[in-house]
Amino acid sequence: MTNRKQHLNTNLNDPNADELIAGKHPVLEALRSGREINKIWIAENAQKHLTMPIVAEAKKLGIVVQHVDKRKLDSMAQGVQHQGIVAQAAAYRYAEVEDLLARAAERGETPFLLLLDEIEDPHNLGSILRTAECTGVHGVIIPKRRSAAMTATVLKTSAGAAEHVPVARVTNLAQTIDRLKEEGVWIAGTDVAAEQDVYDTRLDLPLGIVIGNESKGVGRLIKEKCDFLVKLPMRGQLNSLNASVAAGVLMYEVVRQRRSG
433 MTNRKQHLNT NLNDPNADEL IAGKHPVLEA LRSGREINKI WIAENAQKHL TMPIVAEAKK
493 LGIVVQHVDK RKLDSMAQGV QHQGIVAQAA AYRYAEVEDL LARAAERGET PFLLLLDEIE
553 DPHNLGSILR TAECTGVHGV IIPKRRSAAM TATVLKTSAG AAEHVPVARV TNLAQTIDRL
613 KEEGVWIAGT DVAAEQDVYD TRLDLPLGIV IGNESKGVGR LIKEKCDFLV KLPMRGQLNS
673 LNASVAAGVL MYEVVRQRRS G
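Last residue of the sequence shown: number 693 in our numbering, and the count goes up by one each step with no gaps.
Heads up, some of the hints might be wrong.
[As the list claims (entries may be wrong)] Quick list of in silico lysine-lysine cross-link-like pairs, BS3-like style, CA-CA up to 30 angstroms: (1) K480 to K491; (2) K480 to K456; (3) K576 to K456; (4) K504 to K480; (5) K491 to K502; (6) K504 to K471; (7) K663 to K576; (8) K456 to K492; (9) K471 to K576; (10) K613 to K663; (11) K492 to K502; (12) K491 to K471; (13) K502 to K471; (14) K576 to K648.
[Said to hold, decoys possible] Listed next, with one range per pair, are the computed distances between beta-carbon atoms: (15) Q479 to D636: 41 to 51 angstroms; (16) S465 to V497: 15 to 25 angstroms; (17) T633 to V497: 45 to 55 angstroms; (18) V500 to N604: 36 to 46 angstroms.
No lab work stands behind these hints, which were simulated from the structure alone.
No experiment lies behind these values; they were computed from the predicted model shown.
Just so you know, even glycine gets a beta-carbon here, dropped at the ideal spot from N, CA and C.
Use the sequences and the hints to build the structure in full.
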């Protein structure tokens, strides 16, 4: 993807534009991960304990830091809790599916992927990425259509994790599942009507877990492509969890099984 400089009226929802990263942890992790940063703005009244590590890191990398009125940052990063810190970064670079598998191979680990079937809420996507980083997921796959993209809100919600978990964006999720199967990856779908309880299911194999849309769940075609379906045991009056919460439970069950295996 070609890097382009653009004016400050950056469209936070355009994944092809240069992007604004807001907040201490997202900006700091972007700097430490080697992400190309064009400029950093810091509010004149920002708390020093928040800004000092960022200023020091930016100075080492030769990145311009400008102190401005907080209202300027409010207008630049509308709707995002920026903590008085905003950076302009080159457009987010999506990975290829092959990169995710190569990452597992380089680490000598059994592949562990997440496939998100039309997760539309950027806060859910950010939360999922944060847990994915903590649980050693090798990468996340999202569809290009009807899905949240890697916007400033996602980066902020992930608390910097998005800089460390590669995300692949694919045209056809069903075809991607077929490709993963050819590479020996088993695909597990989540479904409240599944007969198989996740805690009674072996998950320490090369695995891709499909997390469905917030309201509709996993789509019919994608469900049919899965090697098996699992459910989380529900003991209350509700029959489903928030998508990011359900994803977190599943990811940590994979971690538990791999540690004890």
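Against the 30 angstroms threshold, does the CA-CA distance of K613 and K663 hold or violate the hint?
Measuring from Cα to Cα gives roughly 21 angstroms; hence the hint holds.
Given the hinted pair K480 and K491, is their Cα-Cα distance within 30 angstroms?
15 angstroms, holds
Need the status of pair K456, K492: alpha-carbon distance at most 30 angstroms?
17 angstroms, holds
Does K480 sit within 30 angstroms of K504, going by the straight-line distance between their CA atoms?
The given pair, whose Cα atoms are some 19 angstroms apart, holds under the 30 angstroms limit.
Quick check: does the Cβ-Cβ distance between V500 and N604 fall within 36 to 46 angstroms?
44 angstroms, holds
Would the hint linking K471 and K576 be met if the CA-CA limit is 30 angstroms?
28 angstroms, holds
Between the alpha carbons of K576 and K648, is the straight-line distance 30 angstroms or under?
Roughly 18 angstroms separates the two Cα atoms, so the pair holds.
Is the hinted pair K663 and K576 satisfied, with a Cα-Cα distance of at most 30 angstroms?
26 angstroms, holds
For the pair supplied as a hint, K504 and K471, confirm whether the alpha-carbon distance does not exceed 30 angstroms.
Since the Cα atoms of K504 and K471 sit roughly 14 angstroms apart, the hinted pair holds (cutoff 30 angstroms).
Distance restraint hint 15 to 25 angstroms, applied to the beta-carbon atoms of S465 and V497:
18 angstroms Cβ-Cβ, so the 15 to 25 angstroms window holds.
Measure nothing beyond the straight line between the CA atoms of K492 and K502; if it is 30 angstroms or shorter, mark the hint as holding.
Roughly 25 angstroms between the alpha carbons, so the hint for K492 and K502 holds.
Agreement of K491 and K471 with the hint, judged by alpha carbon distance not exceeding 30 angstroms
11 angstroms, holds
Checked against the numbered hints above, the structure violates none of them.
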